[in-house]
Each structure stands twice: as C-alpha cells, then as structure tokens.
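Each chain, written out:
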Amino acid sequence: MQSLSKASALSAQPATEPVRRLRLPQKLRNLELFLLLIACFINASAVVLVQLGALGELDPTLVLLGAGLSVLVISLHVVLRFVARDADPFILPIATVLNGIGIAMIYRIDIADQQGGWESAAVRQTVWSALAIFSAIVVLLVIRNHRVLFRYTYIAGLVGVLLLFLPLIPGLGQEISGARVWIRFGSFATFQPGEIAKIALAVFFAGYLVRNRDSLSMVGKKILGARFPRFRDLGPILVVWALSMSVIIFQRDLGTALLYFGLFLVMLYLATGRLSWVIIGMSLFLGGALIASQTLNYVNGRFTNWLDALNPDVYNAKGGSFQLVQGLFGLAKGGLLGTGWGQGRPELTPVPQSDYIIASLGEELGLAGLFAILALYLMFVARGFRIGFAGQDDFGKLLAVGLAFVVALQCFIVIGGVTRVIPLTGLTTPFLAAGGSSLVANWIIAALLLRLSDTVRNQPRLVV
Amino acid sequence: MNRELKRVSIVVMLMFVALLGSTSVVQAFQADNLSADPRNSRTLYDSYQVERGAILVKGKPIAQSMPVDDDFKFLRTYTNPELYAPITGYIPINGEPTGLEFALNSELTGTSNSQFFDKISALVTGQDPKGAAVEVTIDPVAQQAAWDALGDYTGSVVVTEPATGRILAMVSKPGFNPNLLTVHNNAEVTASYDALVADPNDPLINRAINSLNPPGSIFKLVVTTAALESGNYTPESTFLNPSVYMAPGTTSAIENSSGGTCGAGETVTLATALRLSCNIPFAELGVELGDTTIRETAEKFGFNSTYSIPMTVSESTYPRGLDDPQTAQSAFGQFDVQATPLQMAMVSGAIANGGVVMAPNLVQEILAPNLSAIQTFEATELGRVMSEETAATITAMMVNGVQDGAASNARIDGVDVAGKTGTAQNGSTDPFTLWFTGFAPANDPRYAITVLIENGGGEGQTGFGNKLAAPVAQKVLEAVLNK
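Just so you know, the protein sequences line up as chains H and G, in that order.
So in the numbering used here, the last spot in the first sequence is 464, and the numbers never skip.
So in the numbering used here, the last spot in the second sequence is 483, and the numbers never skip.
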C-alpha cells in the first residue's frame, strides 16, 4: 500500500520523476545489502561458534568457503541492482541466513561424525549452495519478465510430470531409505528431480488455472450453499489426484504427494474462489491416504509411529519410531535456549543433517532458535504472499502465491512431522537441509519471487 | 482473488502457529519427561561426562572409569569381570544399567543428595566433577573360593557374616563379561546382549538374589524353628514313621527320599527326621503346626518381603491360605514355597547369630573423591526369629546332620560345620534343584553359606544336595576358615 501511495505521489511531480525513479528504488537494494551483511555475519559467527564448540579451535578452511558463498550472494545482490532493482529486499537475506545456518549445522554434524575434506556433507552443501545461487542469478538474468513463463504453461506441466517420474526409470532411479525419488549421476551425485518439478508444476498450475478458471468456477449445481462443479470439470483435479497417488504407491513418498496435491488445491481455490474444490480435493486425498494406510505397509507404519511413538513395541519395531523419538530426545535436550552451537549431540539422531535438521537445530539453538527460524520462514512466505496481494496480473499472483505456499507447506510437512503434528514423511527443510536438488529448487523459487516482486513494483498501475 | 488469498494466508498462519505450538510442547512441556526416558541416550551421555566412581573390593577397583578419547570420555572397565559381574552389574551406552551400577547410580555419578555440597564446592574450586566410590563388603578370598568351588554348575553361592549380615561372597553361574556390554559401540553391545539373552542358562540373571527355586529340605530349618518356638515340641518329640504318608483329605502320597521309613522304629524323633532329612515326619509336623504358624516364622526370616542390598532382592514366598495337603508339601519346601539363595543364607545366618536376623548388605562404605566416607553402613537387625536356646538346639541338630546324617559331605576335619542339604523337585520329570545351607564354625559362627545348584547339576533327577551342593560348601568353608 505504501508503494502505491508513493507511486501516486511521484506521478504528481512529473518534473522530478526521472531522477527520483533512478534513486528511490536503490533504497530497497541498500536495505537488502545491509540485511545481507547481517546475514553473512550471522552465518560466519555460526561456523566460528561450531568450531569453538565442537572442535575447541578455529579451522580457517570452512570459513574461507563460507566467505566465497558470501561473495556469491553479494554478487546476486549486485545482479539485482541491475536487473531487478525494485525486487523485495527481504527475500535474499532470509534465504542467505537459512542456507548459512543449514551449512553450519551440517558442518557441526560432520565434525561429530569425523567427516572432513571434499567428501564431507558440509563441503558438498557449500558447493551445491554456490551452484544454487548461481542458478538463481541465471534465472534472474534469463527471465526478465515472468509472463514469459505463461507461454510455456503446458511445456512446464510436461517437464514437471517427467521430472517427477524420472526416478522410476530403471537404471537411472535410485532408492534411498525406501523412497524412490532420486536419480543418480555417475557415482558422484544424486539428485531429487521432484524438487525442481514443484517449480515446473507451480508454473503449469498457474498458467492452466488462469486459462481455464471460468469453466472450473462458473458452472455447477449449488448444494448446501456451496457450488459444486460439473462432473466433466472434475478432470484436472482427478488427474492431479491420480498423480499424487501414484507418487505414494510407486515412489513410496507420502510427503511429496501431499506437497503437490496441497499446492494444486490452494492454487485451484485461489483461481476459482470455490470452497467446494477444497472439499472435494481434501476428501479425495484423505480417502486415498486412508486406503493407502490400510494397504501400504510403509504408510500404515508412518501413522503408527506418529500416534504411538513412545510405545516400546513401536519404538523397537523395524522402521518404527526410533528415529522420530531420537529427534524428540534431541529437541528435549535443547529445551528453551539450546545447548549452544557444537555443544549438543545431534549426531545421535539418524539423518540429523537432512530430514532431522530441525531437531538438530532445536537441540543446539533451543526453542528460541527454532522460533527465530520459523519466523524467518514465515517472513519469506509472507513476502511471497505480498506479491500475490499487490500483483496486477493473475498469472503472476497465482505463481507467486503458489511458490510461497509450496515453501510454507514443505516446512509444515517436515517440521510438523518431526514435532508430531502430522505423521512424518521424508521431505527436505527448505534452504536448511542437506541436499543439492532442494537447494537449487529453493534458490530458483527465491529468484522467481524476486523477479515477480520487481515486476509488481515496476509495472504501471492500472486504474480500474 | 484477494479474498481467497486472505483466507489462504490465515491457513498458512495457522500452520505456523501449529509448528510454534508443537515445538513449544516438545521443547518446553515434554522436555523433562523425554529426558527422563531410559531410552534417551543423551541423558546417558551426560552421565558419562563426570568420572563415574569406582566399585572397590578391599580398596581395589573391580569397576572403574578409564579415560578414553571419544564422546563418552570414560570407558567403564571391569577387573576380573565374570567373577564380580553379579555385584557390579554393567552400564551399557544404550540401555539401563544393572547391579550396583544401577542401584547406586546417583552416588557413582555424584548426583545423590548427600553429594550436593561436594558438587557446589567442585563448582567453586573449578575441579572436574567426580562420582563417589563404593566399597563393597565382599571378601575376595571367599568370592574366589566360591567361584572355583561352584565349577561348571549353573547356580549360586552366597557367603555372609552371620553377626552383621554383610555379604562376603556372591557368585552366580554361568557368568558373563560386563566389559562386552560397556564398549562404546551400539551394534557390538546389542550383539553381545542379544547373545546373552538368547543363552538358555540366562547368564545375565544374578541367581543369588533373583533366582527363585523351591528350597526343598533346607526349608525344614524354618519348620523346625516354628516347632521349637511354639513350645510344644522338642528335638525328642516323636512322629509316626510310615513309609508312605497321606495328608488329611488327600490321596496323593508323600514319601521319604529314601523311599522307606525314616530309620527303624514305629516312631521317629524330630532330631532324627532333620538329621536324615525325612519328608514324612515333617509333613506330619507341618499339618500339626498349620500353615499360619509356619508362614509367620518364614516371614520373620524374611520370606514374603523384598530387600535392598541395595540391589533389589526378589521376594521369596511362602503362600497364604494353604489347605492341609499343601501345608504338608510346603513343610519340606515344596508346593509353592520359593526362595532365593540369599534368603536361605538369611535363615542359616539367623540360626548362627543366636536367633536374630540381620539385614543382608553388600555395601560397606560410600567414599567421596577425597576418600572421606560419605556414608557407612552399619549392621542392622531385622528382628529376632527364635530364642538363643532354640538357635543353639537347631545348631546342634545341624551339626549332627553334617557329622552323621544327610549333609555328610560338608564335613571339615577339626571344625564343626552346621548344615542342611536340600534336593527339591520341579515337577515330575524336570531336573532337581540342589541346595546346601549352613555355617561354620558351629560354636563361633563366622561364615554362613548357601549353595544353590540349578538344573540338577547336570545330573537330572539323580543328583542330590549332599552329593553335589555340600562339597561346594565344604570347599568354600575350608578356604575361608584356613585363610
């Protein structure tokens, strides 16, 4: 709203406008630079504290790597100064600090597991971060206007589905801890194409819904105050539902399925404004999940682990709640203020650097630290929603909110799983968790949000 | 679209509120419970951060924490591990400790209330916190002799000091090596533990205090005490001496272990019945006394109660509300009468101690890191179960049993040994449980001993107490008396 009033104030002074227009937006970039420096400082001190806490001495190698990363985010900032000078100033610093805290925690767990050198998870994560930030720069340079994406709606949909099912191709796919969502490049790296798929699908959903929302929202019978769609309009939701269910069945990945379906449902609701879609979608998904929990062992196990985690039988069972309870023990150990960087024992929890990084952070930074992290996520999501509120074109609005919502939902699914709000399903915590594909995907999301926010502020305001 | 957007924003807000709530619940409200969970290895790791106190036998450590260069900082190491395993127990990195490691955990880790001021002063002086050491009552000579004498039998030997109740030896076989269970590797610990649990001989059970068996004939000491204390019987009281006895209201026959009568004659005295360990006279006596009288005496000896030595001793039982046939069976330690070796050591200990039962105890002193005693254990009387005269009478009867009766294999040249053997049935075909309980020297008792051999000593139903258990006791008593 503030920007709106500024814009009208500016238009009232046409004489000075060109000069002001050049200088005013740089305020945003200056704010961003200031916040970015704070973020880099927080990240550097996290690594230093980890070294002091866990090693008892300072080791300059990782600090140097971290400094390299700071240089990269600052170059991203410089790129923004040229190609998206009106972009939101909070998105980049938030992504930076989350990424940095994640690297510090992964590094801390490497120390506990006595991992080091180029093979260690922290170094890999740093390299992936560099790659991810670089991808973000490329996205910002290539996509100068988000409406370009609208043209590629169906291609994006096709790419999304292909990426999603890539891991099912024999020889290419890789099964890790039960879920088949990875693909392998040679012997070095594994990649989770589903992470990138969520961006492609968000683009597709936004484009498709903007094109077709009339038929999805206007017609249909009214039952109990809500307008229900015609049967033949159920096509799209059934397709997405079938897609999600096949992810549950073939890739054995509950979290991903929930993520995509939730994303589609929210975007469908936003596009059509019809609550009946949400009702239909929720009942479809819950029905499917219920049947899956009865017939698929791994789904059933997830529910048992969630409801009865501390039961010794469940705890000791194969694939039981051992992992979940170890995470809870870690969180409990952290308490309100945490043990401090490098002082806890996050390595006792299985996969402490990926699925359970929130438990690891909760152990060392305490409830206070987790609240701060959750607040950062909330702010990140809120910036995305702000674009949605302020946006002028429906495609941009839908895309921005979709991308922001996918981050929020992913946080909810994985953090809620670790803290027993919902059954635990394997997803990465955005920006924090170890995993290259997730980092690349989330940095691209950040880049798209930056691009969208720039367009929103930059575009001429329509007088309706 | 903005109306919908507002609603979705509220949903997102609610999702984050749920996360804020759930993290608060786990980290603030459930934190204490989760930290107290025995499966929480973080709590266990924390307990390793202080140097755990040693467990000492005559000043020499049988369990101590050795500094190592890993996360736990200290490796719990047991010296002579199998010999002392029933005393020390073990403290694994991924489970609950046992033995003294469990019973005195807070003292050993320095967190007991009595160490509060030490903790404060350590905080002020900047010393590393350290747990208290525990000096046990074990006599290494008696422990080693008992271990050697028991050989390959599955069973237990308990030696106590009658006047104080101090436990001088506590052996349980088959043994196990606690060092295997304290290594700092979850998988190795689990593998060792699983193998020990799978062993049909249950090496992890401390048979001295946690194995319940029918006491058989050694329970006749309790019945004899009840009879003499009632005032209605003397060692010369007589009982009918048939070769088969039917308790009132039953058709199942009771026989003596010899299969015949108890010595020659129409009648047999109580003294002879105890000396030859005959079942029929005791069945008759039991029915005459009634189950209440026997139970009350048994309870004075310590039956139907648990003790803390400070490990918890399983409750030996003499059941309530028996009918005559059951009372007849229970009078020679069968039916549902069950006893731990330590309980039977309390019986002979009380006879040796002039009729006063002493509380059994394994811990002599708890020593602060500066070796000052935090706590010293005094001998505690549990109560008088019989008069001194009765005790002297039963002692004489037990001496006869060793010199010229059913416990002859416990004889030691030059020393009067008072003793009683037992051969208890465990069902019609299962191997016998073999017992010996007694003390020496009879005129000035310094050692009370109870030997338990489970599983028939490998001889099924052919081994008997005097053949297998009495020689074990004899060897141990010889060793401790000669030292």
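A hint or two may mislead.
Listed below are the simulated DSBU-like cross-link pairs for lysine-lysine, each with C-alpha atoms no more than 35 Å apart in a straight line [as the list claims (entries may be wrong)]:
{"#": "1", "chain 1": "G", "residue 1": "K6", "chain 2": "G", "residue 2": "K73"}
{"#": "2", "chain 1": "G", "residue 1": "K73", "chain 2": "G", "residue 2": "K60"}
{"#": "3", "chain 1": "G", "residue 1": "K475", "chain 2": "H", "residue 2": "K27"}
{"#": "4", "chain 1": "G", "residue 1": "K130", "chain 2": "G", "residue 2": "K58"}
{"#": "5", "chain 1": "G", "residue 1": "K467", "chain 2": "G", "residue 2": "K300"}
{"#": "6", "chain 1": "G", "residue 1": "K73", "chain 2": "G", "residue 2": "K58"}
{"#": "7", "chain 1": "G", "residue 1": "K475", "chain 2": "G", "residue 2": "K130"}
{"#": "8", "chain 1": "H", "residue 1": "K318", "chain 2": "G", "residue 2": "K475"}
{"#": "9", "chain 1": "G", "residue 1": "K58", "chain 2": "H", "residue 2": "K222"}
The set of hints was computed from the structure by calculation and includes no laboratory data.
Tested hints:
1. G/K6 x G/K73: 55 Å, violated
2. G/K73 x G/K60: At roughly 22 Å apart (the allowed maximum being 35 Å), G/K60 and G/K73 satisfy the hint.
3. G/K475 x H/K27: 96 Å, violated
4. G/K130 x G/K58: It holds: about 21 Å lies between the C-alpha atoms, which stays within 35 Å.
5. G/K467 x G/K300: 30 Å, holds
6. G/K73 x G/K58: It holds: about 27 Å lies between the C-alpha atoms, which stays within 35 Å.
7. G/K475 x G/K130: 41 Å, violated
8. H/K318 x G/K475: Violated - the C-alpha atoms of G/K475 and H/K318 are around 50 Å apart, more than 35 Å.
9. G/K58 x H/K222: 90 Å, violated
In terms of the numbered hints stated before, the structure departs from hints 1, 3, 7, 8 and 9, listed from lowest to highest.
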